[in-house]
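*Asks:* Generate the whole structure from the sequences, applying the supplied hints.
2 protein chains.
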Amino acid sequence: MTAPQPSLHPLFYPRSVAVIGASSDPKKISGRTLRNLISYGYAGTVHAVNSRHPEVQGRAAVASLRDVPGPVDMAAIVVPAAAVPAAVRDCADKGVKSVVIFSAGFAEVDAAGRAAQAGIAALAREAGMRVVGPNCMGAFNVRTSMFCTFSSSFDHGMPQPGRIGIVSQSGAFGAHCFVGTRERGLGLSLWVTTGNECDVDFAECLEFLVQDPDTDVILGYMEGCRDKDKLVRALEAATAARKPVVMLKVGRSELGARAAASHTASLVGSDAVYTALFRRHGVFRARGISDLIDIGYACTAGKFPTQGKLGLVSISGGVGVLMADEAADAGLDVPTLPQAAQDELKRIIPYAAVSNPVDTTAQVLNRIELIGENLRIMLQAGGCDSVVMFLSTVGMNPVMMENLGGVLHRVRERFPDTLVVITTLMHRELVKPLEESGYLLIEDPSRAIEVVAALVSYGRHFARGGRRPAPPALPAGLPPLPATAPGEHEAKRILAAAGIPVAPERLARSPEQAGQAGAALGFPVAMKIHSRDIRHKSEVGGVLLNVGSREEAEAGYRALLERVRKAAPAAALDGVLVAPMIRDGVETILGVHRDEVFGPVVMFGLGGIFVEVLKDVTVRVAPFSVEEAREMIREVQGFPLLDGARGRPRCDVEALAQALARLSVYAAAQGDRLDSIDVNPFLVLPAGQGGCAVDALIVPRGRAAGPD
Amino acid sequence: MTAPQPSLHPLFYPRSVAVIGASSDPKKISGRTLRNLISYGYAGTVHAVNSRHPEVQGRAAVASLRDVPGPVDMAAIVVPAAAVPAAVRDCADKGVKSVVIFSAGFAEVDAAGRAAQAGIAALAREAGMRVVGPNCMGAFNVRTSMFCTFSSSFDHGMPQPGRIGIVSQSGAFGAHCFVGTRERGLGLSLWVTTGNECDVDFAECLEFLVQDPDTDVILGYMEGCRDKDKLVRALEAATAARKPVVMLKVGRSELGARAAASHTASLVGSDAVYTALFRRHGVFRARGISDLIDIGYACTAGKFPTQGKLGLVSISGGVGVLMADEAADAGLDVPTLPQAAQDELKRIIPYAAVSNPVDTTAQVLNRIELIGENLRIMLQAGGCDSVVMFLSTVGMNPVMMENLGGVLHRVRERFPDTLVVITTLMHRELVKPLEESGYLLIEDPSRAIEVVAALVSYGRHFARGGRRPAPPALPAGLPPLPATAPGEHEAKRILAAAGIPVAPERLARSPEQAGQAGAALGFPVAMKIHSRDIRHKSEVGGVLLNVGSREEAEAGYRALLERVRKAAPAAALDGVLVAPMIRDGVETILGVHRDEVFGPVVMFGLGGIFVEVLKDVTVRVAPFSVEEAREMIREVQGFPLLDGARGRPRCDVEALAQALARLSVYAAAQGDRLDSIDVNPFLVLPAGQGGCAVDALIVPRGRAAGPD
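The listed protein sequences correspond, in order, to chains A and B. Just so we're aligned, residue 41 is where the first sequence starts under the working numbering, counting upward by one. Just so we're aligned, residue 41 is where the second sequence starts under the working numbering, counting upward by one.
Hints were generated in silico from the structure; no laboratory data involved. Don't take each hint at face value.
Under the rule of at most 25 Å between Cα atoms (straight-line distance), these lysine to aspartate or glutamate pairs were calculated in the DMTMM-like manner [said to hold, decoys possible]:
(1) B:Lys386 - B:Asp369
(2) A:Lys68 - A:Asp113
(3) B:Lys67 - B:Asp150
(4) A:Lys349 - B:Asp150
(5) A:Lys386 - B:Asp150
(6) B:Lys386 - A:Glu409
(7) A:Lys655 - B:Glu627
(8) A:Lys349 - A:Glu442
(9) B:Lys472 - A:Glu223
(10) A:Lys472 - A:Glu223
(11) B:Lys349 - B:Glu294
(12) A:Lys577 - B:Asp624
(13) B:Lys577 - B:Glu413
(14) B:Lys577 - A:Asp624
(15) A:Lys655 - B:Asp373
(16) A:Lys655 - A:Glu591
(17) A:Lys655 - B:Glu671
(18) A:Lys577 - A:Asp624
*Replies:* And the structure:
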């Protein structure tokens, strides 16, 4: 599996396509596929393969693929599931480069289907042939008019060429999304649906689209990912190429995830991990189909502001307020305009409110050139790097739109790179010239603000580019992960070696050692029973706090052992941990768990009610940098508690970020051998004083991991 | 002001309209208003009043209103601001019943404008004449073709008659909203914009629309409300009439509220209070314009489910998952279908996933009658009281839509009352027959789910109807509210008289009394200094906890006085409060503050980080019932802490709800005399043990309140 896979080029740019199972009835899948390939101007060669009829849809058919003269770049298989393996073998024999299997009845159905599908994949791999599907809807290339799909949606209109590519794991969703973009007036480059993904998967198609020179923006639909590394590689390539990826990932809710699992054979990983991965790679996660298409449309303008200084202009004061509300929710900055800009605005529109939002009132519609002047001032003296203008119903008025087109075209020439969204009810054909000048036209003002927020998030991500800091280095000489869960003391020793600060402590194995440890660490101390058989020490009376002297420590040792022996007679007791009492810290929880798809995932949250009641946690796939750890820390609702809320001192967030990043590096290095780590609590001390793990549990995966 | 105001009937149903300042230029406001009145079939009499021209737009004009023969029901004033007062006087002299003032330049500009506006209002009141505006866009009645507005939006299409009414404080927004509904294919009944509201306000128009037999659904746009009682009366009337009100209230954010204040002369009250009021009265609060119009559209079907048992059907499994995600977010129940329903579904569509969401796959499109069968099963054996069906692009296919129309019409005849939303990309004219059968058609599946959630919330509100429980009765013999803030002990005595449980305590004025109080209450006790000059007792060393004996209490008394005298020498000390130590409670905060518009508002939150860090609070306008207090308690994020989270006992939520409701009744009874109440903490004890106010502060409004 380490040899590079053959390219997907023949899938999207085939010179010849054979339809295996082509039929004459264009109402059937088998007939529609052939019809779509021959009806819309595809310049390559199309071969119909039909074992029973020498003529199909008015063209000669061959009985078998081997009868096709010359090479075949791509084959579409539309025979019943039972006949698919033989057809795939024919393709391999013929030296076909890519195969699309539409037929359903494989891994999505039962174990036999899974086996048949695996057989197809093996055969393809052996033959160096790429397979899309089974149970998919194929692919198309709008520029070459290569429509290798049984979709019937061309009946109501063809896709126009454009710079948006679509990858969908679901065929029906892919078809819907193509019609949605078409009806929105958006042009497409490449389109592919991956179905059961026996070979070619979502990530690989995504990466192909990123590399495709005709594609600038990619819309993705996914239910689950199988190969994290491929997905990450594709997303990194998108960042490098500054191509925005907009993703609709379903299965957010428990019910949704259950339904997704029954719908495809995908492994649906924990949804929060996808959110974290998308955030890391600058992917906008769409909430629904309209969202997906609107953000995709917005990206086609290619303007990605980095500052997020938003100017709002409205001919209705009320809608100005509405947009300001929405901007506040979206975290955009709507700065009061500089006085000079306000003065200039007042000069040209004396009756306007000029702070920001600017309320021009509808009177500007009588002198449309004022709208252009207003915009120029916002961009120049106003210093906005994005502007949203609400023009109500101007987009339905041909005369006004003609005037406005000229006025705004001139502004655009002076400020070619700034994002300007015009929001108006419109007739699409009237606003085309504005779109061609690089303006975005969006009907709903709230949506316009959401769109700006998305473009700013892309802008910031692209500005960081590939310069994302590296995770910290793994310290040398780390002890190997034990085969079974180590005790608390040992677990902390391992974490300390991994660079995560732990509370100073000693393991005492006698009352005398306890007294000595206390004296060495300095009283008062905390004492707790040490046993790998006991998870909840206080529940068995295994903890003593504020132990003040050597004598108390010695007595405490005896008392602890006695209490715990009574409460948990079966537990093996290793002794007692002695540690200094630490106050003034904020309790946090650092955790690692293993995700089936994404491997070790690091969780962060504040202790107590934040995790237990509010589920206020955030996650990231390991490993990650200190910078990303800082982002995580700021994501939780309880962050103000670390930042000096309620008159407390600010905490050492930097030390916490270092600990999180190092934990992620350690976890990633253990890979599949690790089941979980719990650092609970990790105490964050006041700024400059660091922090430390007070309790820790490391659980290796044991047997389940198998040989590495 | 107690005499009932004359009806708004002449505003919406005038038999004659005079345009004062009518001009010949239909590009001007003065010309357009006349043109709109005479061009679209209004059967009433229209008079042009122009002091300089005897003919305007081809019809004879009179020089003055007094020259108009016969009565005038309504006058539209379109003269410059300076000439408006004289025009209003003319109207009064003529006995005009309603006046619409379009002219701007009044309260929204400066103090002189405010004064002029107040003069107009006084004149109108005296004359028994109703005034809309100034600074508004007028009103229209689609059925009678009475278009008394200067909107130019009729240029691109007239509103169709229908059953949606629109009330907007903003003229520009009102015009935009009318075009938005028109483009969405929705019909209107009445439309009015209220502008500066010198006389007729939003609430009054809302109430008129509620009473209007041609209006079923009301869309409202508001920036602020001046008269809470009128608004509440209108909303109660809407509930009684089962007419859904959909409201877009702007000024959610701080920035938005600031912008709104500069935009109109409205008092923008605290936004959360509006949310609370809307929730109480079953008003759906739209987030934006699309939301407003989509929910308005959905309401026109008149189907308001009460159970929220949602069935999902999709020809794309992926979209089924997407809808399930959205339903989970919206709090809708997507129950697994009963086995009988699943069996029946499997029988007719063997390849379908039949649990819920039902995934029929796109194959059903080849046998469209299966879609009808599927729906019938969902409604019958499935027990769903609402269904959303995703049909991708079927709505663009004339042949399929024709078949589907027949199939679904038959299902509708059997289940006339159930809410069914079809989601598909569509050509509007193709789906008309389905809409006429009572189906809702919505393009975006996520939006379809949001719409169902809104309709369910109306359904539940209407089902409760007028049967909302009353607030508790105010106990008899309440002590009067003191003129200045009472001390803590007195404040608690007042609250106790109002029916709010307070912690048992005694005010000791000597060491001996402190010892006796402790003995009477039972040791250990808490002791705190009592002084109306000291707000933060612990900061001056004014609190002692766990005082264990009579001797300790006596010494404690002396120690407290000594410490506090040193820390706050100027404070008058009344003695020391002695109270039993209470453990095991959850700290909550009950507060009352006075909202400029809504009067006393009650706030509830959990103590500590919940209020201080997370701002996790909820509010209601006082007074309210125990039932509504229960709702409030469940609204805060921290509710699980009261409900037994983290292994704690469940708290006495019922006692808390009683306390909140009684506090609201007490606060409402004090009205404008009260500035604020803080009960912090109110300790909620384990279930069955009640709760009690541990500290309390009551602040009367003092001088500011004035004579009552």
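*Asks:* If a hint holds in the structure, say so; if it doesn't, say that too.
*Replies:* Comparing the hints with the structure gives:
1. At roughly 29 Å between alpha-carbon atoms, Lys386 of chain B and Asp369 of chain B are farther apart than 25 Å, so this suggested pair is violated.
2. Of the supplied pair hints, the one linking Lys68 of chain A and Asp113 of chain A holds, its CA atoms being roughly 24 Å apart against a limit of 25 Å.
3. Of the supplied pair hints, the one linking Lys67 of chain B and Asp150 of chain B is violated, its CA atoms being roughly 28 Å apart against a limit of 25 Å.
4. Between Lys349 of chain A and Asp150 of chain B the alpha-carbon distance is near 31 Å, which puts this suggested pair outside the 25 Å criterion.
5. For the suggested pair Lys386 of chain A and Asp150 of chain B, the alpha carbons sit about 17 Å apart, so the restraint of at most 25 Å is met.
6. For a cut-off of 25 Å, the pair hint linking Lys386 of chain B to Glu409 of chain A is broken: about 64 Å separates their Cα positions.
7. Of the supplied pair hints, the one linking Lys655 of chain A and Glu627 of chain B holds, its CA atoms being roughly 21 Å apart against a limit of 25 Å.
8. As the CA atoms of Lys349 of chain A and Glu442 of chain A are separated by approximately 29 Å, the hinted pair breaks the 25 Å bound.
9. Among the hinted pairs, Lys472 of chain B with Glu223 of chain A is consistent with the structure: their alpha-carbon atoms are about 19 Å apart, no more than 25 Å.
10. Between Lys472 of chain A and Glu223 of chain A, the direct Cα distance comes to roughly 14 Å. Compliance with the 25 Å bound is thereby established for this hinted pair.
11. Note on Lys349 of chain B and Glu294 of chain B: the hinted pairing is violated, with a Cα-Cα distance of about 38 Å set against a maximum of 25 Å.
12. A threshold of 25 Å between alpha carbons decides the hint, and for Lys577 of chain A with Asp624 of chain B the separation of about 22 Å falls inside it, so the pair holds.
13. Between Lys577 of chain B and Glu413 of chain B, the direct Cα distance comes to roughly 72 Å. Violation of the 25 Å bound is thereby established for this hinted pair.
14. The suggested pairing of Lys577 of chain B with Asp624 of chain A holds, with an alpha-carbon distance near 23 Å, which does not exceed 25 Å.
15. Proposed proximity of Lys655 of chain A and Asp373 of chain B is supported: the alpha carbons are some 22 Å apart, at most 25 Å.
16. Taking the CA atoms of Lys655 of chain A and Glu591 of chain A, the gap is about 43 Å. The hint is violated against a cut of 25 Å.
17. Restraint check for Lys655 of chain A and Glu671 of chain B: satisfied, since their Cα atoms lie roughly 22 Å apart, inside the 25 Å limit.
18. With a CA separation close to 22 Å, the supplied pair Lys577 of chain A and Asp624 of chain A stays within the 25 Å bound.
The structure fails to meet hints 1, 3, 4, 6, 8, 11, 13 and 16 from the earlier list, while all remaining hints are met.
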